[in-house]
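Visitor: As a plain string of letters, each chain reads:
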Amino acid sequence: MTTAAIEVDDIRFSYGNIEAVKGLSFQVAPGEILGFLGPNGAGKSTTIKILTGQLTPSSGGARVLGIDVTADDPEMQAQIGVCFEEKNLYESMSGAENLRFFAGLYGLRDIDTDSLLRRVGLADRAKDRVKSYSKGMRQRLMMARALVNAPKVLFLDEPTDGLDPVSSQAIRKMIKEEAERGAAVLLTTHDMMEADELSDRVAFLNDGRLYALDTPESLKLAHGKRAVRVRTRSDSGVREESLALDDPMSGERLKEVLSSDGLLTVHTEEATLEAIFIEMTGRGLEG
Amino acid sequence: MSSRKATSRLTIISWIVRKDLKEYGRDRLWAFLTALVLVAVVALFWVLPDDVDESITIGFSGLGEPAAARLLGDAGDAGLRFVQAADAEQLRAVVAGDLVAWSGPDGFSLLEPDADGPEGASKQPVAIGLAFPPDFESATAAGETTRVDVLVGGDVPPELRSTVEGIVKEMAYGIAGIPLPIDTSNPDEIFVVLGEDRVGDQVTARESFRPMFVFLVLMMEMFVMSSLIAKEIQDRTVTALLVTPARTGDILAAKGISGALSGLVQAVILLLAIDSFGRRPLLVLTLMALGAVMVSGTAMIAGSAGKDFIGTMFYGMVFMIPLLIPAFAALFPGSASVWIRALPSYPLIEGLVGAITYGDGWVESGPRVLTLAAWCVALFGIGWVVLKRRVESI
Numbered sequence: 001m002t003t004a005a006i007e008v009d010d011i012r013f014s015y016g017n018i019e020a021v022k023g024l025s026f027q028v029a030p031g032e033i034l035g036f037l038g039p040n041g042a043g044k045s046t047t048i049k050i051l052t053g054q055l056t057p058s059s060g061g062a063r064v065l066g067i068d069v070t071a072d073d074p075e076m077q078a079q080i081g082v083c084f085e086e087k088n089l090y091e092s093m094s095g096a097e098n099l100r101f102f103a104g105l106y107g108l109r110d111i112d113t114d115s116l117l118r119r120v121g122l123a124d125r126a127k128d129r130v131k132s133y134s135k136g137m138r139q140r141l142m143m144a145r146a147l148v149n150a151p152k153v154l155f156l157d158e159p160t161d162g163l164d165p166v167s168s169q170a171i172r173k174m175i176k177e178e179a180e181r182g183a184a185v186l187l188t189t190h191d192m193m194e195a196d197e198l199s200d201r202v203a204f205l206n207d208g209r210l211y212a213l214d215t216p217e218s219l220k221l222a223h224g225k226r227a228v229r230v231r232t233r234s235d236s237g238v239r240e241e242s243l244a245l246d247d248p249m250s251g252e253r254l255k256e257v258l259s260s261d262g263l264l265t266v267h268t269e270e271a272t273l274e275a276i277f278i279e280m281t282g283r284g285l286e287g
Numbered sequence: 288m289s290s291r292k293a294t295s296r297l298t299i300i301s302w303i304v305r306k307d308l309k310e311y312g313r314d315r316l317w318a319f320l321t322a323l324v325l326v327a328v329v330a331l332f333w334v335l336p337d338d339v340d341e342s343i344t345i346g347f348s349g350l351g352e353p354a355a356a357r358l359l360g361d362a363g364d365a366g367l368r369f370v371q372a373a374d375a376e377q378l379r380a381v382v383a384g385d386l387v388a389w390s391g392p393d394g395f396s397l398l399e400p401d402a403d404g405p406e407g408a409s410k411q412p413v414a415i416g417l418a419f420p421p422d423f424e425s426a427t428a429a430g431e432t433t434r435v436d437v438l439v440g441g442d443v444p445p446e447l448r449s450t451v452e453g454i455v456k457e458m459a460y461g462i463a464g465i466p467l468p469i470d471t472s473n474p475d476e477i478f479v480v481l482g483e484d485r486v487g488d489q490v491t492a493r494e495s496f497r498p499m500f501v502f503l504v505l506m507m508e509m510f511v512m513s514s515l516i517a518k519e520i521q522d523r524t525v526t527a528l529l530v531t532p533a534r535t536g537d538i539l540a541a542k543g544i545s546g547a548l549s550g551l552v553q554a555v556i557l558l559l560a561i562d563s564f565g566r567r568p569l570l571v572l573t574l575m576a577l578g579a580v581m582v583s584g585t586a587m588i589a590g591s592a593g594k595d596f597i598g599t600m601f602y603g604m605v606f607m608i609p610l611l612i613p614a615f616a617a618l619f620p621g622s623a624s625v626w627i628r629a630l631p632s633y634p635l636i637e638g639l640v641g642a643i644t645y646g647d648g649w650v651e652s653g654p655r656v657l658t659l660a661a662w663c664v665a666l667f668g669i670g671w672v673v674l675k676r677r678v679e680s681i
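These protein sequence lines map, in sequence, to chains A and B.
Under our numbering, the first residue of the first sequence is numbered 1, with each subsequent residue one higher.
Under our numbering, the first residue of the second sequence is numbered 288, with each subsequent residue one higher.
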């Protein structure tokens, strides 16, 4: 059995009287991408802050790469990479200087910044100061910074939030590559499509609680309708109907439709992650 | 490929220090203001007068030949110079500035304000005039009461007016032939000077301002560092540091070193430019290093407290105004009040004045250095705690 890169056991955290995290427990294996889904205030960022040693849980325990996150052990920080939601880069320094500086903190000498910047599509802007970068470029640089120490665990807090499709796609590609390299990835996002595309498992978080933790496929199978929606054209016009897969009558009808010349489209009626989230938590992901 | 090496605390701190100094150098506003203040204070220092006129010129009228000759013969004695006017009317014009006294190789000349003075002569301001009555000598000799009008300019301080009153009385005794009841024939036996005698070695305006200029440079460093600290907090870049092997203590140490280093470098440049290392370079350098550490501590407090640029400046001023007071006090002669002596910057200013102006050595400056070091520890410690709490609260 593979040892978990991230182990979380019933952690709780409060901001004053407000309990932001209410007993979360989960694990992330090396090479696995866990999508953390939830609306603002669900406790996603607080959980990442606890796991990266920025906050201390009021109860429960968590280990990253076998190291207690409350131990303030630089050895843990040396092996993790964090991409923050806010663009906290040194703006008066160039992209390459930012990377060199952070590499220095990890004790890395002669870091190949060109290669990292090429990976995020910023090689031609390596010497430009960050203050001249667009939002998408800054986010890509943040991603490169998170990878500067080739981390074994990646914490990505809304890495594609508000980005154009090209930048988003570039970052998604990198996340997949890092997981293939063997890094455990904890990804928080609002974007259900992104979570579906990237995550090996997704966790539904709302109001500091975990509502579900499973693969997207399993969740969709468990919560979706076993039905197909078909559209056909006949003399009387275009007709759309839903055919339940468990109904023997529908099976006959489906065979008939599939063999007819008037078939236009066939879609499964599996649930989307968003619909499942709403069904389970009673609220949407936005806001 | 990159090679991973174990990161020591020193390596992490040095990376952050280099980063801080790079950011400082690239901040156009602060870089410009720093250069401006350095250039301005150096220029101002060399423009300020480097000498002190220790004599007072007093005009007189109405005395006959023997007494007048004696007064004029006393020129320069005890810091007094006398210039004779033809009559009370002319004396009044001299004191009022309607006539100008020129002092040259051939004595004094009284000329109209717009007239050119004699070759090699210099203007001598006459702020006090003694208008003796025509019968002054005969009346005093006869033991009769007489009157001398003392004409003073509006800006003559009260203590000088009292001094002149004493001079007039002494002159009356002398002319009347009445000996004074005390022996004033040898001033060296009258004045018992405690400490080093500064007569003839008065502090010039340039010297008086020297500690003020040095402190202005340290003040700039305080503003720059507090601004950089506040920016690090506001931009949340400090959070990015804390998820690396860098610990809070490394960041705080780096801020302190960056602040002290930049302040010390600027102070050394200034002290070199205003020729202040001559007599006690090591002592001056020690004092400046401690001063730079002290203002680094205040920069940590101001940088933690300020929510934005204006807030940081406000908190910076709250600290710097009291710290500037001893530098202002050094502009004026006399002992500083007890509350001024209690300010953290007092031992720094007193130490600089002593070392640079009077050439005090380590023995004389020892207590000041120790007091300043204690203040450094206190302020830097408070700054450390405040900034640590701020960083950990993000």
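Worth flagging that the hints you see were computed from the coordinates, not collected in a lab.
No experiment lies behind these values; they were computed from the predicted model shown.
Treat the hints with care, since some could be wrong.
Stretch-level coverage of chain B by chain A, calculated; a stretch enters the list once three of its residues show a Cβ under 8 Å from a Cβ in chain A [as the list claims (entries may be wrong)]:
1. 307–320
2. 515–526
3. 532–538
Label-pair distances were calculated between CB atoms; the ranges are [what the hints assert, rightly or not]:
4. B/320 / A/23: 37 to 47 Å
5. A/123 / B/664: 45 to 55 Å
6. B/598 / A/110: 39 to 49 Å
7. A/282 / B/316: 17 to 27 Å
8. A/10 / B/675: 49 to 59 Å
9. B/619 / A/86: 44 to 54 Å
10. A/123 / B/675: 34 to 44 Å
11. A/40 / B/664: 40 to 50 Å
12. B/598 / A/17: 45 to 55 Å
13. B/316 / A/17: 23 to 33 Å
14. B/308 / A/282: 28 to 38 Å
Every residue gets a Cβ at the ideal spot worked out from N, C-alpha and C, and that includes glycine.
Visitor: For every hint, state whether the structure bears it out.
Guide: Right, here's what the structure says about each hint:
no.	hint	result
1	307–320	holds (count 4)
2	515–526	holds (count 4)
3	532–538	holds (count 3)
4	B/320 / A/23: 37 to 47 Å	violated, 53 Å
5	A/123 / B/664: 45 to 55 Å	holds, 49 Å
6	B/598 / A/110: 39 to 49 Å	holds, 41 Å
7	A/282 / B/316: 17 to 27 Å	violated, 51 Å
8	A/10 / B/675: 49 to 59 Å	violated, 30 Å
9	B/619 / A/86: 44 to 54 Å	holds, 51 Å
10	A/123 / B/675: 34 to 44 Å	holds, 39 Å
11	A/40 / B/664: 40 to 50 Å	holds, 45 Å
12	B/598 / A/17: 45 to 55 Å	violated, 28 Å
13	B/316 / A/17: 23 to 33 Å	violated, 42 Å
14	B/308 / A/282: 28 to 38 Å	violated, 54 Å
The structure does not agree with the numbered hints 4, 7, 8, 12, 13, 14 stated previously, though it agrees with the rest.
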